[in-house]
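Student: Letter by letter, the chains look like this.
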Amino acid sequence: MNDFLGAYSIQHWLESCPQGYLEDTQFGHRGGENEPSFLIDNEVLREDAIRTTVQLVVGERCALSASSGLINAAPDEASRRFLATQTLDEARHVEVFTQRLYDLGVRKADLETTVERYANPNLVKFAEILLEKVDRKDFFCGVVGQNIVLEGMAFSVFEMMHAMNGAQNPKFAHTLSGTIADERRHVGFGENRIGSLLREHPEKKSEIERMQRDMSWFMLATFAEAFRENRTDAELDRIGFERSHATFHGADLAELSLEEMEGLLANTVLGEFKTRLSRIGLEYQSPPRP
Amino acid sequence: MNAAPAIAAPEPVLAIERSGEAAGERRRYELEDTGFNEVPKRFRRFYRRWGGPGEVLAPNEVLCPVCKVVIRSTRELRPGDHVFCLPCMSKLVVVRAADGSLAATSPH
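Here the protein sequences come in this chain order: A and B. 1 is the number that the numbering used here gives to position 1 of the first sequence; each next residue is one higher, with no gaps. Counting the second sequence from 1 gives a position; the numbering used here is that position plus 1000.
These aren't lab readings, by the way, just hints derived from the structure by calculation. No residue lacks a Cβ here, since even glycine has one placed at the ideal position from N, Cα and C. Certain hints may be false.
[Claimed, not checked] Between beta-carbon pairs, the in silico distance windows are: (1) B:Glu1030 <-> A:Asn34: 36 to 42 Å; (2) B:Lys1041 <-> A:Pro170: 22 to 28 Å; (3) B:Arg1075 <-> A:Glu116: 55 to 61 Å.
Based on the provided sequences and hints, a complete structural model is requested.
Tutor: Written as structure tokens, this is what we have:
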């Protein structure tokens, strides 16, 4: 077993998360912070925020099922303990993003119908590919799908959303910064653990690469639909609300069209996939562009 | 005084003496807390958040390619040094990038 796994202890997790960046937070943000009134009071902006947050809930529900489902498929005790901490991280993500839906005005009784109404079908397919591997107790595919493909995507999506919300919505930006911190551990585990296991089991590579290609297609389709459905930019222009000049990978997001933003995000995520996969000895498989 | 470490994680710089580049005195750096709170308190000064592409790092700093956190050393880093990124648990090796800057790479 790699000695890096020895550091993945519950003690380390406690000192890093609850006693670190989550100390004194409430549902991931600082006490007293609220969704901004310009968003809550505008029906178009509020609905767009609900639609976006539903995708986060769907992604995190998938991550919760995957990380908990992989615990008993893990080949060693340290990986099981790490996945137990990841399971709690993912459960927290589900909770904080669900709480955001309530903060945006979704009634508790309407939660499931709201998720059903706004969930992007491509994101649901993306999740189904991963969960099918988890159901088969396939640790290799499960960890690559979860900790490299899903978490790698979430890492870039959260960073972009964090940049966009930093000035306009500090409450949501703080919630996102805690999830980004969690993702660092998750992608690190994916690369370090699978990297070493794949050297012992090279026969698994082609199956993992096929799964990555299929998941990537549905991810790109999700991005395309999400940006196509976005009405926030047009509404902000209509009400004369200045967009924040946030920088993401060298680009000023206020200067980009929705199409350009979609391209920037897709290229960032795919670029990250390629380098992450190559570090663990896998070759990125390009899906056809949706 | 800090309590004894409760975890097995090593200090960020694992083996500075392994450097293969020219010998010579390395500059030393006082590390202050930069507000990075994603690792246990006693390790926080060894890391900071990254400012994004285009940010020039100090000679005692290198970017973790796995989780995009800046790893900081009390001594100037050189190619061949082994460093450890505690936020994502990656063991890395310092290399000289094509543009002359220092970079960290996975030893896999």
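Student: Give a verdict on every hint.
Tutor: Hint by hint, here is what the structure shows:
1. B:Glu1030 <-> A:Asn34: 36 to 42 Å: Holds - the Cβ-Cβ distance for Glu1030 of chain B and Asn34 of chain A, about 40 Å, lies within 36 to 42 Å.
2. B:Lys1041 <-> A:Pro170: 22 to 28 Å: Holds: the Cβ-Cβ distance is about 25 Å, inside 22 to 28 Å.
3. B:Arg1075 <-> A:Glu116: 55 to 61 Å: holds, 56 Å
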